[in-house]
Amino acid sequence: MNTNLGISSVFNPITQVLPAAGSKPAVSFTDVLGSAVNQVESAQQSAHSAAMDLLANGKGDVHSVALATQRAELSLELFQQVKNKFVQAYQEIMKMPM
Amino acid sequence: MTLDQTGLQLGRFLTYLSQREEVVASNIANADTPGYQTRDLTAPADFSNALTDASAMIEIPALPSRNDGNNVSIDREARLLAETALKFNVTAQMLRSEIKNVRSAIEEGRTS
Amino acid sequence: MSLFNAISISASGMEAQRSRAEIITENLANADTTRTPDGGPYKRKDAVFTTAPLSFSFSEALSSVSSQNQGVAVADVTVDDRDPERRYMPGHPDADADGYVAFPRIDPAEEMVDLMGASRGYQANVAAISSIKDMIARSIDLFR
Chain V
-1 MNTNLGISSV FNPITQVLPA AGSKPAVSFT DVLGSAVNQV ESAQQSAHSA AMDLLANGKG
59 DVHSVALATQ RAELSLELFQ QVKNKFVQAY QEIMKMPM
Chain P
22 MTLDQTGLQL GRFLTYLSQR EEVVASNIAN ADTPGYQTRD LTAPADFSNA LTDASAMIEI
82 PALPSRNDGN NVSIDREARL LAETALKFNV TAQMLRSEIK NVRSAIEEGR TS
Chain X
23 MSLFNAISIS ASGMEAQRSR AEIITENLAN ADTTRTPDGG PYKRKDAVFT TAPLSFSFSE
83 ALSSVSSQNQ GVAVADVTVD DRDPERRYMP GHPDADADGY VAFPRIDPAE EMVDLMGASR
143 GYQANVAAIS SIKDMIARSI DLFR
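Chains as they are written, first to last, in the working numbering: chain V, -1 to 96; chain P, 22 to 133; chain X, 23 to 166.
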């Protein structure tokens, strides 16, 4: 079952910029991560504005706000794990004797 | 990559259920209002799109009217009240499981 | 927010049924009242319900579905103007020249049945609020 609740958009910058196998890498880790940060940021913005809408204006539902909040949290957690992996990979590469 | 539909669909179903519960509450509150006609909310054919608007509200044919013109059947409304709340619970539970699964999947990749 | 709106709708139902019950008990209490400040026996009253939009609403924020749902209110309390019931009681202080006393035209059995209806209506609205509160609690659980 496809269960990622709409957070796969965080992956979009990663899959879009990863080059085809065999070609020379054209972007840096920071480009990819930077783009992913923006996605996470916008998910958090959506959650925040949904919450404010509900509390201040009575607009929306509790469950919609809850889901938006969860999406934002999961996006962030996923991003952090991906970032850790990237950093790890980078450190592995730097450790290689040249 | 496509946005996942499952979590969003369940969320929309929750919205539909809460709107239908509101209609049931209105029927119950007006169970003794002269001339009041029972209303209901039709379910959209599928939940992959944004929910429909006011046109989904319908009147129920074939409900007997009493002398004052009111046709609310308290039995029908009581049944719908319980049924809708139950469906809401089940759906919310499914969503919680889904969220938990995604979270576990993320944590599984944890190395630090 | 549909759910919060729904609670207001059910609350209006509770209020209307409670008012109705109050009026009925007033009828019952005055079933034998032969004199009132206006002269004449007590005249029974009836509560008339009507649909009523909710007073508080953030109307811009209401969804198109929510705005079609209405609560209920007591629109009017009508007075039963039928002729009073006349009973032959020559010794009664309120007897007229012919020895008849005018009593309110109230049938306690009919009023009791009506009261039971109001009670059931009240309970149905209470049950609705309970159900809705449960749904809201489940929604809040989604945060955890």
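Honestly, the hints are just simulated from the structure, not real lab data.
Note that this is a predicted model, so its numbers are computed, not measured.
Built from N, CA and C at the ideal position, the CB exists for glycine as well.
Take these hints with a grain of salt, some might be off.
Away from chain X, derived, C-beta distances all over 12 Å, residues of chain P [said to hold, decoys possible]:
| # | residue |
| --- | --- |
| 1 | Gln40 |
| 2 | Asp53 |
| 3 | Gly56 |
Chain V regions said to be covered by chain P (calculated; three or more residues, Cβ under 8 Å) [claimed, not checked]:
| # | segment |
| --- | --- |
| 4 | 29 to 41 |
| 5 | 76 to 85 |
The calculated SDA-like cross-link candidates involving lysine to any residue, where the alpha carbons are at most 25 Å apart (straight line), are [as the list claims (entries may be wrong)]:
| # | chain 1 | residue 1 | chain 2 | residue 2 |
| --- | --- | --- | --- | --- |
| 6 | P | Lys121 | X | Ile29 |
| 7 | V | Lys93 | V | Met50 |
| 8 | P | Lys121 | X | Ala159 |
| 9 | X | Lys155 | P | Arg97 |
| 10 | V | Lys57 | P | Thr36 |
| 11 | P | Lys121 | X | Thr56 |
| 12 | X | Lys155 | P | Thr63 |
| 13 | P | Lys108 | X | Gln92 |
| 14 | X | Lys155 | P | Gln114 |
| 15 | P | Lys121 | V | Ala48 |
| 16 | X | Lys65 | P | Asp89 |
| 17 | X | Lys155 | P | Asp89 |
| 18 | V | Lys57 | X | Lys65 |
| 19 | V | Lys57 | X | Ser86 |
| 20 | X | Lys155 | V | Val25 |
Here is how each hint holds up against the structure:
Consistency note on Gln40 (chain P): stated as away from chain X, yet its beta-carbon is not over 12 Å from all of that chain's, at 5 Å minimum. Interface exclusion of Asp53 (chain P) from chain X breaks down, the closest Cβ pair being 5 Å apart, not more than 12 Å. Not every beta carbon of chain X lies more than 12 Å from that of Gly56 (chain P), the smallest distance being close to 9 Å; the non-interface claim is violated. Look at the segment 29 to 41 of chain V against chain P: 0 of its residues bring a Cβ nearer than 8 Å to a Cβ of that chain, fewer than three, so the hint is violated.
Only when three residues or more bring their CB closer than 8 Å to a CB of chain P does the claim for the segment 76 to 85 of chain V stand; here the count is 4, and the claim holds. Taking the CA atoms of Lys121 (chain P) and Ile29 (chain X), the gap is about 30 Å. The hint is violated against a cut of 25 Å. The suggested pairing of Lys93 (chain V) with Met50 (chain V) is violated, with an alpha-carbon distance near 47 Å, which exceeds 25 Å. For the hint pairing Lys121 (chain P) with Ala159 (chain X), the CA-to-CA distance comes to about 19 Å; that is within 25 Å, so the pair holds.
Between Lys155 (chain X) and Arg97 (chain P) the alpha-carbon distance is near 20 Å, which keeps this suggested pair within the 25 Å criterion. For the proposed pair Lys57 (chain V) and Thr36 (chain P), the alpha carbon gap of about 13 Å is at most 25 Å, so the pair holds. Restraint check for Lys121 (chain P) and Thr56 (chain X): the C-alpha separation of about 72 Å exceeds 25 Å, so the hint is violated. At roughly 23 Å between alpha-carbon atoms, Lys155 (chain X) and Thr63 (chain P) fall within 25 Å of each other, so this suggested pair holds.
Among the hinted pairs, Lys108 (chain P) with Gln92 (chain X) is consistent with the structure: their alpha-carbon atoms are about 24 Å apart, no more than 25 Å. The straight-line distance between the Cα atoms of Lys155 (chain X) and Gln114 (chain P) is roughly 16 Å, inside the 25 Å bound, and the hint therefore holds. Restraint check: the Cα-Cα separation between Lys121 (chain P) and Ala48 (chain V) comes to about 22 Å, which is no more than 25 Å; the hinted pair holds. A hinted pair counts as satisfied when its Cα atoms are at most 25 Å apart, and Lys65 (chain X) with Asp89 (chain P) qualifies at roughly 22 Å.
For the hint pairing Lys155 (chain X) with Asp89 (chain P), the CA-to-CA distance comes to about 32 Å; that exceeds 25 Å, so the pair is violated. Annotation: proposed proximity of Lys57 (chain V) to Lys65 (chain X) is violated, straight-line Cα distance about 47 Å (limit 25 Å). Distance restraint check for Lys57 (chain V) and Ser86 (chain X): the Cα-Cα separation of roughly 12 Å lies within the 25 Å cut-off, and the hinted pair is therefore satisfied. Of the pairs offered as hints, the one joining Lys155 (chain X) and Val25 (chain V) is violated, with about 52 Å between alpha carbons and a cut-off of 25 Å exceeded.
Checked against the numbered hints above, the structure breaks hints 1, 2, 3, 4, 6, 7, 11, 17, 18 and 20 and satisfies the rest.
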